Structures are given as C-alpha cells and as structure tokens.
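> Quick note, the sequences are listed as chains D and G, same order. All residue numbers for the first sequence refer to our numbering, where the first residue is 1 and numbers rise by one. All residue numbers for the second sequence refer to our numbering, where the first residue is 1 and numbers rise by one.
Read the hints as simulated data drawn from the structure, not as lab findings. As the structure is a computational prediction, the values presented were derived from the model and not from experiment. C-beta: ideal position from N, C-alpha, C; glycine also. Careful: at least some of the hints might be erroneous.
What the simulated footprint calls covered on chain D by chain G, stretch by stretch (three residues with Cβ under 8 Å from a Cβ of chain G suffice, anywhere in the stretch; the number is not a length) [to be verified]: (1) 4 to 13; (2) 63 to 69; (3) 250 to 258.
Chain residues, written in single-letter form:
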Amino acid sequence: MLNAKDILETITMIQDEHLDVRTITMGISLLDCCHSDVDVMCAKVYDKITRYAKDLVITGENIEKELGIPIINKRISITPAAMILASCDNKDAVKLALTLDRAAKTCGVNFLGGFSALVHKGFGPGDKELIEAIPQALAQTDFVCSSVNIGSTKTGINMDAVGLMGKVVRKSAELTADKGCIGPAKLVVFCNAPEDNPFMAGAFHGAGEPDCVINVGVSGPGVVRAALAKAGDKLDLTQVADLVKKTAFKITRMGQLVATEASRRLGVPFGIVDLSLAPTPAVGDSVAYILEEMGLECCGCHGTTAALALLNDAVKKGGVMASSHVGGLSGAFIPVTEDAGMIHAAQCGALSITKLEAMTAVCSVGLDMINIPGDTPADVIAAIIADEAAIGMVNSKTTAVRVIPAIGKKVGEELNFGGLLGSGPVMPVSLYSPSKFIARGGRIPAPMQSLKN
Amino acid sequence: MRAVITVIGKDMVGILAKVSGECAEHNINVIEVTQSILQDMFAMIMMVEISKADIPFTQFAEKIEKMGSEMGLSIHAMHEDIFNAMHTI
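Let's have the full structure, built from the sequences with the hints guiding it.
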C-alpha cells in the first residue's frame, strides 16, 4: 500500500530534483530498404521510418501526462546507414542523410541516430563513402546524428579509420563554424559501441536487433545528489554506495514502467532500459555535483576517478534488479558542456582533458562534449581518439570521443550550443605532435584476454 | 484504475471542497484522503478511482493542475502505477 511519504518522495524527485525519463528511442531496422538505386532506397527509408514512428511522439506525450513523469526526448535510431548504402550503385550518402532528416521532422522527433559505420576491422562497401560524407551530412541536416565504431576488444583498433576520423571531426567543425561548430557535437567515435544504445549522438540500431524495438534511457543525477545531500556527511563510502544503489533502483523502476507502457501502446517489443545518469546543463542536474557531494572540493581534483568508479558501479548494481532487460551504455555520463558542475570545474581549471581521460576508464562512456582549440590539427584529434579507444579496448568497455574543435576560438573562450548540448570553455590539448604515429595507419592488434595485470 | 492527486500550498478555506467537487463533476470517486497542515502549509494526498471518469485522465490532470495554479496551489494528478513501480518490489 502506498503511503504519504513515498508519494511525496516521488513528487519531490520530479518537481525539485529533475527526475525524468531522458529518452524513448525507437530502433528501426532499414535492412529491407536496400536498393541499387539510391532514390528508390531513400523513398523506402522515408516510408518505413514515418510509418513505424508516426505515433511515437504522441504516445510518449500521453504517457508523460498520465504518469506525470517528464519524458524529455523521443528519438529514432536506425540500422547503421553504411550497411544499406552498400547496396546502392551511386553511394550518395548526403542524399540519404537529407532523407533521414526529413523523416525525423515528419515524425516530430528531436534526433535520429544511425548515420553510422562500423569499421573496427576494416572498411566494407559504403563505409568510406559514408564516413567521408559525414561533415556535409551534419552541416546540411538538423536532426541527424552520426557515429563510427573504430575499435573493439575482439578486433583491436583500426588506425586507418582513426586517422580518417580526425580529419572528419575537424572538417565537420569547419563546415558548421557559422552555426557554433554544431557538426561534431552530433558525431561520436566509438570503441566497443553498444548496438542498443538509446542515447544520442551515438544511438544506432545494431544488425542483431529485431525489426523494431523500444529502448528507454533514464536519467536523474539530481535525485542521486539530493539523496546524498540529505544523508549528510556521516555516511562512510559503503553506505554512500548503498544509498546510490537504492536511488538508482527507484529511478530505473520508473524507466521500466515507461518502457513497458510505450512498448504496449505502440505494439513494438521492449528492448532495454539504459540505466544512465545523464546530466543536463540545468542547475542541480549534474554528475559533477554528485562527486562533489561525496566530498570532493571540485570535480577534477585527485580522488575524482575513485568517486566516479564508485558511482558508476553503484548505479549499475541498483538499476539491474529494477529492470527486466538492461543495456545500452548504463552508467554515469561525464559530458563537459552538458553538466553545470563539469563546466564550472573546467572554467576554474580543476578539470583537464588528461583527468577526463582517466575518468573515462571507469565511467560509462568517454571524452564527451569537450571543446578544444579551433586550430587543433586533425592528427591530434585522431590521437585523442586512439588513446580513448585504447582504454576501451583494453578494459573491455565502451569508450567514445565527442570533441568539438571551436573554430576561431582559443583556450578559455566559450562555445555555446544551447539547449541540452549546453556550453563550455575551450580546454587545452597537448601541443606536441603525434603525426608520425597516426600516419603509420594499420591496425593495433586486439589485446590479450588473460594475464590480466 | 486509480490515480493519486496531491495538493500542496498555502492553507485556505475550501481546498478540499474544490478538489473533490472537481472529481465529482467528472464521476471520479474519492477513495482515501490524508491531509496535514504544517504551520500554514497545506498538504493533501487523495487516492481516487478513475475508471468511470467521463473525460480522459490526461484531460482531467490538465484541468485540475490549471485549477491549482489559479488558486496558487501546486496540484498534480498522476496514475498510481508510477508510485507502485517506484516504491514496491
């Protein structure tokens, strides 16, 4: 039986602590849209997406009103576009991206992910064409998100792809310089990319997924922080972990409810709940503030990696029992520009890219939403990607890079994207050159899975 | 189907009457009410039966929230599923 305390706790979480369901993402397979004529294929793609997702937004809004829980985003993820582009004689990837953008706008979703290629072992037909078209595609569309998987624990790292992605990230920023360099904010370079991730910009619908599926991403850094703040300084770290677990359990139960309900109403199978703490620039909705609540003066100081490791693990442990299927990225995100506490830590100099890199070894994703100087060369960006991929490859975890070269801006200046993407200072990168290393190309072999030290 | 209506705000005459009146108008039965007044803050939680309501629940929720804001109160009507999911295993 419900009691008043429980009811008020839920209301406080939603009203005051920014509890929300971050996204309902519908995954749609486009494998049956392949055609040798790119125009015919695009027509089939548009038709399938708009047919499957026509009720996605309205269903999400109805659930939101009935349950009284905000559902911030309704999104679509599709089969990695390079896979279907491979079937075309004329591999016009930009045309496909424009079609996807049009479909996203018709459905009323706010992002569509899956303008993607999986090249962790090498380039298949359509892969290079798609990757080279990413800067144009992101510049000419509003809602299309792109990702490229360049490495995995089983295959090693495709350094030719890493080198290419360094250039693509840079070009993408240059082409959108007049729009606040928004291009690379919609582009993620992965190692060990999950195939059922509902979060953007890295969502795509993997080849092993069913025809259509509903995945839900929860959020709630504000709730965790508030729970820790209420408990005060008396708890030791075992008790802190327990408190995070209990809170994560409650958050995830809500995600599971929304996922089951959305799946039932849309007549689409439920895929997974992604148990993530996804921050927003809103004050109080920050992962950095959770770490500071644990006792760090400022996120980025020594001890941050340990605190983040505790948080990330406790979120997973708490959430796993609350949901029937867990997947995606599941853990704590640390995007700099999307997190008020991270922005502050970067501005005051407590947080550096090297510290963030260490943090990515224990968080759920990687170097995320970091503004770097506009004159950063492509091979330095490629080397940042290579470092991050190596952490993911060796530790059997997902890592990713989403850095934004702030064209025309220098260290300390601000770059503002607005909305959920936030804003943040340009952070310094090492000025020494990795050019020769990146130019070698080839593949870094997959790591040993025994003799773990 | 049941829903939970919560009312939080400054105490004044007729809150309970107005909220339950609105429920009655739409054939929504009040099953249980708990209320407390701490200093001059009014907090009420109502469990209601909505299966026989004459308008869709989302519309009722919007209507009663609007009524709340006109009276300077924070009123929310939410399906009971969310509370059950979060607080029971």
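> If you test the structure against every hint from before, which numbers come out violated?
Violated hints: none at all, because every hint is consistent with the structure.
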